[in-house]
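Please work from the sequences and hints to get the whole structure.
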Amino acid sequence: MNKFLPPYLGAAYYPEAWERTELEKDISRMKELGVNVVRIAEFAWIFMEPEEGKYDFEWLHRAVRALGDAGIAVVICTPTATPPAWLTKKYPEVLAAMPTGQKFVHGARRHYCPNSPVYREFSNRIITHLAREFGKYPQVVAWQLDNEFSCHINACYCEICEREFRQFLRKIYRTVENLNQCWGTGLWSIKFNSFDEIPLPKPAPAMHHPSLIFYFKYFMSHSFSDYAREQVRIIRKYSGAPITTNGMPPWHELDYEDLFSNLDFASNDLYYPPAELWKWCPELDWMRPIKKKPYWVMETSATGAGGLIPAAVFVHNPGAIRAKCWLAYALGGEAVLFWLWRAHWSGQEMEHGSLVYAWGEPTLAEKEFRQVSKEIEKTRDFLISTKPEKPMVGIHFSYPALWLFNMGHLVPNFNYINSWHENYYRILLDAGISRDVLYPDSDIMDYKVVLSPFMAIVPKRTRNKMYEFVRNGGLWIIGPMSAFRNEHATAFKEGAYGPLEKIIGAHIRHRFQAPPGGMKINLAGYKNASCSLWCDAFIPEKGTKVIASYADGPAKGMAAIVERKTGKGKIIVLGTHLNREVLSGWLVKEIKKYASVEPEGGKGIIVVKRIGEKRSLEGIIAVDIAGKGGGIALEKEGIELLTGKRAGKVFSLPPYGVAVVKL
Amino acid sequence: MNKFLPPYLGAAYYPEAWERTELEKDISRMKELGVNVVRIAEFAWIFMEPEEGKYDFEWLHRAVRALGDAGIAVVICTPTATPPAWLTKKYPEVLAAMPTGQKFVHGARRHYCPNSPVYREFSNRIITHLAREFGKYPQVVAWQLDNEFSCHINACYCEICEREFRQFLRKIYRTVENLNQCWGTGLWSIKFNSFDEIPLPKPAPAMHHPSLIFYFKYFMSHSFSDYAREQVRIIRKYSGAPITTNGMPPWHELDYEDLFSNLDFASNDLYYPPAELWKWCPELDWMRPIKKKPYWVMETSATGAGGLIPAAVFVHNPGAIRAKCWLAYALGGEAVLFWLWRAHWSGQEMEHGSLVYAWGEPTLAEKEFRQVSKEIEKTRDFLISTKPEKPMVGIHFSYPALWLFNMGHLVPNFNYINSWHENYYRILLDAGISRDVLYPDSDIMDYKVVLSPFMAIVPKRTRNKMYEFVRNGGLWIIGPMSAFRNEHATAFKEGAYGPLEKIIGAHIRHRFQAPPGGMKINLAGYKNASCSLWCDAFIPEKGTKVIASYADGPAKGMAAIVERKTGKGKIIVLGTHLNREVLSGWLVKEIKKYASVEPEGGKGIIVVKRIGEKRSLEGIIAVDIAGKGGGIALEKEGIELLTGKRAGKVFSLPPYGVAVVKL
Amino acid sequence: MNKFLPPYLGAAYYPEAWERTELEKDISRMKELGVNVVRIAEFAWIFMEPEEGKYDFEWLHRAVRALGDAGIAVVICTPTATPPAWLTKKYPEVLAAMPTGQKFVHGARRHYCPNSPVYREFSNRIITHLAREFGKYPQVVAWQLDNEFSCHINACYCEICEREFRQFLRKIYRTVENLNQCWGTGLWSIKFNSFDEIPLPKPAPAMHHPSLIFYFKYFMSHSFSDYAREQVRIIRKYSGAPITTNGMPPWHELDYEDLFSNLDFASNDLYYPPAELWKWCPELDWMRPIKKKPYWVMETSATGAGGLIPAAVFVHNPGAIRAKCWLAYALGGEAVLFWLWRAHWSGQEMEHGSLVYAWGEPTLAEKEFRQVSKEIEKTRDFLISTKPEKPMVGIHFSYPALWLFNMGHLVPNFNYINSWHENYYRILLDAGISRDVLYPDSDIMDYKVVLSPFMAIVPKRTRNKMYEFVRNGGLWIIGPMSAFRNEHATAFKEGAYGPLEKIIGAHIRHRFQAPPGGMKINLAGYKNASCSLWCDAFIPEKGTKVIASYADGPAKGMAAIVERKTGKGKIIVLGTHLNREVLSGWLVKEIKKYASVEPEGGKGIIVVKRIGEKRSLEGIIAVDIAGKGGGIALEKEGIELLTGKRAGKVFSLPPYGVAVVKL
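Residue numbers (the working numbering), protein chains in the order written: chain A, 1 to 663; chain B, 1 to 663; chain C, 1 to 663.
If you're looking for bench data, these hints aren't it; they were derived computationally from the structure.
Remember, predicted model here, so these are calculated numbers, not experimental data.
Heads up, some of the hints might be wrong.
The list cannot tell twin chains apart, which means a pair is met if one copy fits it or any two copies do.
What the hints assert, rightly or not - Cross-link-like lysine-lysine pairs, in silico, DSS-like; alpha carbons within 27 Å at most:
id	residue 1	residue 2
1	Lys89	Lys103
2	Lys103	Lys90
3	Lys570	Lys545
4	Lys171	Lys89
5	Lys202	Lys103
6	Lys136	Lys448
7	Lys465	Lys592
8	Lys25	Lys502
Take a look at the structure:
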């Protein structure tokens, strides 16, 4: 396996779509460009099992062998995102259903029900064959499950899912009385006399019970994770290569903390347009800590994204393709794959950008791809022997919060992901504070500061962890709009924040939505402080400090932000959402009191400290992702490995520039 | 029953959602705030009949008793808006169907078919039990049927409804030939050979026949009214307490003239945000005359409205909660109930504002609620012994017109309710002209002036009434866009206004929609007169006076507004919609010629004259609903009852101020 | 038949909707206004066959006879757009289905499946009767099939259509292997093992295969054309009168090249509002050449369009009704019919404008209608003995391109019809270049210049034709966004333009969408040249001239427009979409090099040269369609036939003026 080492740079490849004679030509083109990894077989079920029970892997062996012979590593995918027509025609029960109950038809992708036993059986069979046939190739460096679980549809409303959903609830609540009790089904006569009365959230004249919707989202997320686990079990029997699946940005509501719990490393498909390259950062920042292993960017666009996204916004400025590759490596990735190698000549994604046109010539991405390919060769030792320094700051992202906020009834027009992105996360990023994105169950004891904005549900386990974290010296900044629901998606009866109220040392006396236009806030040092969205007004207990108070409106004079020292650490509770400018200044100041972070790059330049085996600082990688260039200040001088030249303590990057400095 | 007298101030209460031990605590909180009425049991079917045929009212007796013991009056609701899961699971035929024919599922509310015989049977049984059990409690001062008939869905497309719709048409038209004749089904080969061929307006490639749609709306409205009547018949057997149901603003297309015809008093749920408090007025103005009894505001928001309406716009400025309560009392109400007493800790409406938070503490509404509670005690005698003076001006609102205009094909983008609200109604309101909102069958002989704007259908009965009204000395201002359809929702063949043409003494020679930008109008005294929407151009008969004519456009020079003296009175016909400013000035001037109304308050201040048993003027109640305050001029001095101080002939109200002046 | 000669002016008439006694009154009103043609019986199936197998044509004979006796020509329609209720109730299989598979209900129109054998049978029977009964009347000057095929719905998703679609594909591709091969179904495991696995494009989680969607659109278009052909075959047995159907603007996706191939003359319904009168021109410009016979405007609005289009925008400025009639005659039409004669008193289209109100008086259109009626009498000889000079310039419109672009995935937010209209077509119109609108199979050898913008698919036959055209001396301007798909709706593997690349003498090296904001273009003589949408960058072969190149962006310096002389002619290929101003100037200049066209009217004035039997110039007809008036320069003096006065070489038209000048 020595031949097939990271760092990887490559693309997705679909030899099944082309004449057999194209294989050699394509591989030779790959070598010419510097491809050292391809992902393969993702949607090729119909080629592997052209008829029920008849298998054909010859074409795939031929491709895998030829790629390996050329020194190109291979990722093999399970083809379960696209059942063949013969399967869905003969066994229509495997098809996913819409909220109306109507089944989808063959012709696109992801039209299967993840809970269908028949589908699972066919899936198990094809994966068994596939893993057995390809499990031992040294060039097969990884497996990918399915493709983008939850993309297009994240829920199925068929009768199997209805049955399984009831079973799922039975496991959690044991008795229907307990479920009624926990969900508070007494209103609107929703109360169930048996689990069999529980509906899927199909069309009703008004909104379904939020606990039902919440648990249905949880159930569907669980269904995909469970299906992934079943795939993993099979592959593990036949192959030692690590297993992943390609995630997507979080809006598909699939809980990645759960999904990746049984996988070996994280990977993601990143289709943010070049102008939003900074949105790669939160994605890389959750992939790095989740498995504590180098992650992969499994897909990104070379020149344009097809389908229904305007391809125009994907035309990259000079340097941007190289910059995004380096951003991925810098923050802890070991692979970047473009989608796709060669443009399709048919089908739904013909318009999608690629490294090579359908007619065989390289696209506009050619030059920079080749450059990155050479650069990672040149810096291979540095990249392999170092990794990003562990950040002192973590920020929680919560799928249960996403499920709740996506129901749209809590704070209309509030978008959890956008608000999280644009405010709390981006403030850290722009201040040059390196950060990990954490999930509710993440280990947090090694951090200095943890932020939990908009974390609607703080589960008991997380609450206990965080309390421990604070008592051990950490700073926990929680809110706004956090901890107001319990794990059943209902409100606490004992107070707005439930058991957390005791911990924060303040009583939430009032709660209301900020009127349009917001309200003024008294916050020392910030004349223009104001707030919006949601207001909790506190009565502090003794020993709790008021940081900010409402300067007008119905809770005028009451506390809006409080702070409480606990053990060696501190909790700050934001009762409301500060205006961006003030939030930014204040938040960074508070964090710096606890975490000796120091911004090295300017806005738009990501500077990643790389440490060696013994946690010693070995160098930095700096990437300008905003396309504006700028100066960087280091602690000492070093060698810039791409140019081989000396890097001074202060040097500047050109637009989309990259520097790999060994210190 | 002496203990439980109006005026009432209270809230909706859901003891079934809470532990039994909370009952006493909540009642003690109610007493503390000054609650003297609660509405109860609205959605509690599953608690009353936990399984088919097994009834349990103990919990409700306990609550009603405890409330009564505390001196709090009770309104009991029939729980029929929310059938239990066991019912819809065992008898799915009771579920309402969507236009596609698909049945709704359990889990929200109002998912029943009002025409289902099975549903009616279960409904009758539970109401019989409920009425029998609670019909004699002195504290039960009223009954509420169901909840917000027609909210969420106002039509059902199931097979029962299809059958009943045909039956409904058979009763009206007797033969299908007659129906074909009246509807004019000859076009598009729509003609029916039998009633069984008449479809529900389910999906079709283009619009359905407007007469079909119109009669389907009429049928569905009738179905709910009929269901209400069935509920009334049962309750009346067991209880002498008056019966109502809680209406909503008119956009749900349920004809309240029909619905309330068999009920004892009117009530309504008013969720207009504080900035639109003036929209309470038309609601109160139809509730007062319809039953000639004090009405109730059955629901309004204390702090925020939940569900999908942004709660933020419901944050009240100081004084606004008190002002809206007083507005309701001033214009003839005897009860104001907030929704809800205590915030839900679970379910679809957790976010809704309340008087008390889920955790038991009073919300931001506390202070003003308590104040109103004390104020109505202090002014009880005045409120009980007086009532609003009967207005001299009436304005027609027509559900059949709403049904027609809501089809959207007559004048696209025209909104009947908004245009009626913002123009004709509001002109009266802003001029301080007290007014009643009338329905087509209302008695009108006691008024001096009646306006009928946008009254697309003027039924024969109404036409005859109005003619009599005019001959007896009244002023009838009709139009624009009135009387252009007959009762079958078709056009008149004998002229644009059908039989009305003879009465108005003018021939409608041309009809067209005003071009974008409108047209100029010649109207003496108004230089900037223009018109929009719809233009009828008249040729006046001898004796008919031209008030305004078109100054440009295709009907240049023709009459746009005509006036005809008839008997002792006068008819003015508006052929087009004047621009707001001119309409306002001209209309108020015309009205004042007939009705000696005199504005007392300024814009935004409602001044209601209160008269005693012998129609003598006893005092006034003034409320500022615009939040700007202002001066008021009275005929003589009096005593302001809330402060106990002398009120001069001229005095001023602070923002959201209230004055109750005994003269 | 001598009595019933063109030019015609009239309206649609529905005697079945009125009392029998109205017939004589209406005919006398028609005579009074100058109507000389009516269209009749369009939706009257229920009157012709009131019950299954029972026919009644007496009422229609009566009407046709009375009209003929009055000297009014008649167009009889087959009533198949509106099956009677008895038919769809007894044979529900004839109903069209929505994408969900649900059947439409009776009550509107066009709710039949064009492929239903049962429907075809009933249709054949009623048409047989109708044609037999009315085939020999001299006053029956034409037949209209159905009404607006494809209006409202252009696809049916029923089981019959599924079966027929597979049959249709079997005929084209013979084997499923061949279809898989041609469509490239290898991706997403879409590959079919048999034709029975091919789905209709019903709901799926993502887009269907574009070739499938494309062929489904083709199939549905073909289905309607095929149904039309079946109707034609029957009528031809019994009548010698010419047959047409009333088309609509192209957005309904019905391929008119196919539809009209078996019909005798073209006709169209034109409901563009008066402010967009110029949009009549492309409609008239395809109707004139397609059958090389005078076309008919079968419907246009007299005063307002009903249904859901705001009628307000249809109020005509003085002269506009006359101008649009004359525009139709000038460009080669022989009939203009208004919809409708007399406003309906019932049904879906009551609000639609008309020549006479429901109550029998003429509408605002009266004066101009009467004027046109007299004017065509006065100029009858000139109109009959001359026709428009054949244009030297043709512009391709392609339904297959429309089908492709309407899928929305190629260039999101690109609207083929609008871009074609507003840019390429309108540049010709505004420059006064007379033009024919051509379809892919049109004869083109007689033109000097052919434009093919946005012609996504250039079929082999068309490619060969165009090559021949160029070799013979023509100028072919192709692009942008042309020729990038083959006839299977897939991409070419051998190069971006497939076989066309050889012909144009340039290699398409890069393809990308222009970034937002566009890019600059180097084009000699045009400083402000820029481009947008789509960019193909060429490497010219020897002998190919670079006309324009990209001035910035990723293809900076590469050719954007190339030109190649071939035989006696020339091909210009637009690789990108130039900004409107530059495109306009440059394009007109290029065209003028080849076609000695010369603008005679100014912008907004259409001047049509009329030639006699021997192609000699006999005169001109000029119409101002922009309502601004302006001057006209002729080659010589003549007589203006409407006034009988001398027309100088230079004269001017008033707003909406018309001049018919005999030279």
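Hint check results:
no., hint, verdict
1, Lys89 to Lys103, "both (12 Å within a copy, 23 Å between copies)"
2, Lys103 to Lys90, "both (14 Å within a copy, 25 Å between copies)"
3, Lys570 to Lys545, "within (11 Å within a copy, 74 Å between copies)"
4, Lys171 to Lys89, "between (33 Å within a copy, 23 Å between copies)"
5, Lys202 to Lys103, "both (14 Å within a copy, 10 Å between copies)"
6, Lys136 to Lys448, "neither (44 Å within a copy, 67 Å between copies)"
7, Lys465 to Lys592, "within (22 Å within a copy, 74 Å between copies)"
8, Lys25 to Lys502, "between (68 Å within a copy, 23 Å between copies)"
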